[in-house]
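Novice: Sequence:
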Amino acid sequence: MASSRTDVTLRSPELNGKGLARLEPSDQLDGYAHVTAQNGGLNDDSAITLYGARGSNAGGGYHSMVIKGAGVTWYSSTRQMTFADGVLRAPNIITGVVTITPVANTPTSITVSGLNVSGTIHRAFVTASSAVPGTVAECSATNVTASGLTVWINRANTTNTTVWYLIVGS
Numbered sequence: 001m002a003s004s005r006t007d008v009t010l011r012s013p014e015l016n017g018k019g020l021a022r023l024e025p026s027d028q029l030d031g032y033a034h035v036t037a038q039n040g041g042l043n044d045d046s047a048i049t050l051y052g053a054r055g056s057n058a059g060g061g062y063h064s065m066v067i068k069g070a071g072v073t074w075y076s077s078t079r080q081m082t083f084a085d086g087v088l089r090a091p092n093i094i095t096g097v098v099t100i101t102p103v104a105n106t107p108t109s110i111t112v113s114g115l116n117v118s119g120t121i122h123r124a125f126v127t128a129s130s131a132v133p134g135t136v137a138e139c140s141a142t143n144v145t146a147s148g149l150t151v152w153i154n155r156a157n158t159t160n161t162t163v164w165y166l167i168v169g170s
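My numbering puts the first residue of the sequence shown at 1, with every later residue one more than the last.
Source of the hints: derived by calculation from the structure; they are not laboratory data.
Just so you know, even glycine gets a beta-carbon here, dropped at the ideal spot from N, CA and C.
Hints are supplied without guarantee of correctness; some may be wrong.
Derived CB-CB ranges, DEER-like [claimed, not checked]:
| hint | residue 1 | residue 2 | range |
| --- | --- | --- | --- |
| 1 | Val-132 | Ser-170 | 33 to 43 Å |
| 2 | Asn-116 | Trp-164 | 11 to 21 Å |
| 3 | Thr-150 | Ser-129 | 10 to 20 Å |
| 4 | Thr-142 | Thr-101 | 11 to 21 Å |
| 5 | Thr-158 | Ser-113 | 42 to 52 Å |
| 6 | Pro-107 | Thr-49 | 43 to 53 Å |
| 7 | Ala-131 | Asn-105 | 16 to 26 Å |
| 8 | Val-97 | Thr-49 | 32 to 42 Å |
| 9 | Arg-123 | Thr-158 | 27 to 37 Å |
| 10 | Asn-157 | Ile-121 | 30 to 40 Å |
Generate the whole structure from the sequences, applying the supplied hints.
Specialist: What follows is the structure in structure tokens.
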């Protein structure tokens, strides 16, 4: 049984006919529906489209969201995730850098504190930056919590060493 689909487009005269909201209902032919809201900016450059699939035919059961614009913010209680200028910022992801002046051939640490990483389980990933390969024997993290971590290095000399860290909360 085939049916037809009619798009519904709403335009606002206050935006000189540029902004729109479009509803495209599902039919028996392709199995998906979507809703689009587009601003009336200078280049019509901000839009959000929500797709919902029925699970058969072209839809395949997938749901997705397409967002076009300068920045996106998701709110969840008082914490938020933003994506702007190609950079994702989320309350459960923190990155940073420390410099450690090591004791040669001895594990040396520095503690990072004052962070606020959301989640109940926290994992840290660390990497040392060295101009001479092979001089850093070990780089690790311990005591990883929502508020900080301890970064360790062990290297063959006493050269100041930059260590980048990434903490992910889940």
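Novice: All hints are to be evaluated individually against the structure, with a verdict given for each.
Specialist: Status of each hint after checking the structure:
At roughly 36 Å, the beta-carbon separation of Val-132 and Ser-170 lies within the given 33 to 43 Å, and the hint holds. For Asn-116 and Trp-164, the Cβ-Cβ distance of about 19 Å falls inside the hinted range of 11 to 21 Å, so the restraint holds. Take Thr-150 and Ser-129: their Cβ atoms lie about 18 Å apart, and the range 10 to 20 Å holds. For the hinted restraint 11 to 21 Å between Thr-142 and Thr-101, the CB-CB distance of approximately 19 Å keeps it satisfied.
Judged by the Cβ atoms, the range 42 to 52 Å given for Thr-158 and Ser-113 is violated: they are separated by roughly 25 Å. Distance hint check: the CB atoms of Pro-107 and Thr-49 are about 52 Å apart, consistent with the given range 43 to 53 Å. Take Ala-131 and Asn-105: their Cβ atoms lie about 19 Å apart, and the range 16 to 26 Å holds. For the pair Val-97 and Thr-49, the beta carbons lie near 38 Å from each other, so the given range of 32 to 42 Å is met.
The given range of 27 to 37 Å is respected by Arg-123 and Thr-158, whose C-beta atoms sit roughly 30 Å from each other. For the pair Asn-157 and Ile-121, the beta carbons lie near 36 Å from each other, so the given range of 30 to 40 Å is met.
This entry does not satisfy hint 5, going by the numbered hints stated previously; all others are met.
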